[in-house]
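Undergrad: Listed here are the chains, written in short residue letters.
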Amino acid sequence: METLTPVYLRLLKANFEHLVQCFTEQESLTGQTGLLLRLRAEDILSNSLSQALSTPEVTNENLQWVQEAVTTYLRFYPENITSSNLATLDDEIDMILHRIMEIAEHLE
Amino acid sequence: MKTQPTLKHLMLCTLLLLSFSSFSFSGITISKDSTRAWIVQLSSSLPAGSDTTLPKWIRDGLSESILKGTFDTTSNKQKLYSDLNNALSIYHRKVIIRNFDFPGLANGSYQPNGFSQGTQFANFKVKLPSGSFDPDFAVSYAPDVMSFVNNTASLEQLPEGTKLYRVCNDGWDQFTGGYWTRTKPTSISEVIGGTAVQPEWNSFKNIVEYTVPAGGIWVWRGLAAAQKLSNNLNIGQPYLAGGGEQILIPLVYRRLKKADGSFDFRAINPAMQNRIVVLPANELPWKR
Numbered sequence: 046m047e048t049l050t051p052v053y054l055r056l057l058k059a060n061f062e063h064l065v066q067c068f069t070e071q072e073s074l075t076g077q078t079g080l081l082l083r084l085r086a087e088d089i090l091s092n093s094l095s096q097a098l099s100t101p102e103v104t105n106e107n108l109q110w111v112q113e114a115v116t117t118y119l120r121f122y123p124e125n126i127t128s129s130n131l132a133t134l135d136d137e138i139d140m141i142l143h144r145i146m147e148i149a150e151h152l153e
Numbered sequence: 146m147k148t149q150p151t152l153k154h155l156m157l158c159t160l161l162l163l164s165f166s167s168f169s170f171s172g173i174t175i176s177k178d179s180t181r182a183w184i185v186q187l188s189s190s191l192p193a194g195s196d197t198t199l200p201k202w203i204r205d206g207l208s209e210s211i212l213k214g215t216f217d218t219t220s221n222k223q224k225l226y227s228d229l230n231n232a233l234s235i236y237h238r239k240v241i242i243r244n245f246d247f248p249g250l251a252n253g254s255y256q257p258n259g260f261s262q263g264t265q266f267a268n269f270k271v272k273l274p275s276g277s278f279d280p281d282f283a284v285s286y287a288p289d290v291m292s293f294v295n296n297t298a299s300l301e302q303l304p305e306g307t308k309l310y311r312v313c314n315d316g317w318d319q320f321t322g323g324y325w326t327r328t329k330p331t332s333i334s335e336v337i338g339g340t341a342v343q344p345e346w347n348s349f350k351n352i353v354e355y356t357v358p359a360g361g362i363w364v365w366r367g368l369a370a371a372q373k374l375s376n377n378l379n380i381g382q383p384y385l386a387g388g389g390e391q392i393l394i395p396l397v398y399r400r401l402k403k404a405d406g407s408f409d410f411r412a413i414n415p416a417m418q419n420r421i422v423v424l425p426a427n428e429l430p431w432k433r
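Listed in order, the protein sequences are those of chains A and B. Take 46 as the starting number for the first sequence in the working numbering and just add one per residue. Take 146 as the starting number for the second sequence in the working numbering and just add one per residue.
No lab work stands behind these hints, which were simulated from the structure alone. Watch out, some of these pointers could steer you wrong.
Selected chain B positions facing chain A (Cβ under 10 Å, derived; list incomplete) [claimed, not checked]: (1) Tyr226; (2) Leu233; (3) Gly316.
Every residue gets a Cβ at the ideal spot worked out from N, C-alpha and C, and that includes glycine.
The following block holds chain B by itself, in its conformation from the complex (with noise of 0.2 Å):
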């Protein structure tokens, strides 16, 4: 049966036509977009290329509403698009204009770890059993002590062979950093909640694997103390909960020592750099 197009089918006809594609009418250019008028009118007080920045943006993940939001409130719209495009991630930029909608957040409020404020950098040392152990293996870094929950962990020896892995930004400094773990993440979420990586300093753009040399290492072991989600915007409601194991390789391995015997965080021992594989991109999950 032959059926006579219908107001409703003409209606339902513009409407498609308007959601896939911009087009011009008699000199009228009508866009799909309907974000193109607020970022149009923003763009012409932010640096050239916010035009194009701003939507690709959204379409990665960003809340439109909360970003347009944010940019109506602040009182420096070129330090907010600044920031933003600074961002080492869509999780990054979603953390500064509180999108909270990402894998590995925790619902309420961030506690601090153990030490009362104050007495935190003076009384660590007590904490860890690295007393009589080679004074290169100690952890004497408060910063690094405070990133296990109760300040605590154990000095065990990996055998040749293990395997472990590492989310991180680019470069070899970043690939022979601190902080590992024994299993490969599977997603994202395993990263930013259970080992408790703050966005602000990680770009979750590479996978590195370490196989552990003939001889064994020794490493310390523990688990992840929650993090607030981010300390410099201070963020502690969602947080990180952590709780993940996390591995600290320490310096010895990983840089080699000044002339006074002092570690210089700029030479990166060389035995563990050929140890490393950065792995393919299909190895993040995230990123498939």
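If we strip away everything but chain A, and leave its shape as in the complex, we get (with noise of 0.2 Å):
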């Protein structure tokens, strides 16, 4: 196991936080309820990268869910992203999402 995999893995859940947050922000501005892409970020969090941060060394059964859910998770982005009609945090999500797509090229 790559010795940098459990940094990229918190640098992914801290990512997916920030992303987080920043649906909750666009919920409050939108009046928008309920935001797939929000749900299925807290889905992660709470499913394969807590599974895979649980242990102090990541199993290679662990880092594929991660991928997997990662890479299912940036298929479905593009056709589930709204505006927040606030062109800043609209650049902060997509700036996420950039960073998350790098530090997924990294898990290995």
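Starting from two chains that each stand alone, build the complex the way the hints lay out.
TA: Below you can see the structure in the form of structure tokens.
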């Protein structure tokens, strides 16, 4: 297992947490509720990422679970993203997604 | 011949009464619903309205025994209820409680789609013949590539008038999404199984039809790769076999570009929107 893997996983966690915060802001700005991208981001945090980070040694099985969950999330992001009506927030969300994509490429 | 009521007749009448309605007698309410006791008890620790929501989910098709068993064993009943309440469809609820009795599920274990872990993001580009074409049509997004069997698809032109179909959630962002089929699905099994659509991402509530405009469009055509039943819950057994044909419409038809030349995922291309019709609900066989 790559020694940097836990670092990348923790970075992934921080970015997903930030993303959830941004979608929560979007919901309060627009009155939208239950944004699918927020719900699925929370799922990743509480399921695959939480499991992978729960032990000192990241197992291959847990790592694969994170990779698949994140890949699917990124696949459905473009057709589920909606505007918050605040350009700064939209840019922030796009930037986080870009960071998540970059970090995911390092998971091995 | 006149027959006298027997004890057997009286018992049958009583059973019929109990099965058809709740009734009160001398101030005592007897419910027809044997689920009532555990739901009433459970609902006291859940948000208001759960006492009516839980029975509705059971009427919709959730297995009562599996639902009860899942609540009995979870360490966080509020979160389970919240997950079920936020679920996109009955199929999604069934996934959450592992009630695997719906169409489209394949027995056996999910096998990842081709690449070994760690190289999947780096190597995908060589798998598609996108190099010689306008880069706007290239599939440069790894998750899209990985949704095809063996990470392979062919770039093909669909002629004017071709009809494409898409089963999706609400809203124009969804109606103008990437994944389509050339045939209108005739069953939920074709959607969940054939095109390997995970219930945690699709409500299966709408079906839209897109008519290809004059001049045709270039699309990626291939077979849908197998998927886990749930990535979030790590359920790979049963799994979604895929194998049905899927069409990926490039972003250039679906979204507008920003000033810097990149696609703005939030800016729907009106040329596509104007050629999409939301079909009536009776076109969804699983909703009839």
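Undergrad: Each hint: holds or not?
TA: Tested hints:
1. Interface hint status for Tyr226 of chain B: violated, as the beta-carbon distance to the closest one in chain A is roughly 14 Å, over 10 Å.
2. The beta carbon of Leu233 of chain B is positioned within 10 Å of a beta carbon in chain A (closest approach about 8 Å), and the interface hint is therefore held.
3. The criterion of a C-beta within 10 Å of any C-beta in chain A is met by Gly316 of chain B, whose closest approach is roughly 7 Å, and the hint holds.
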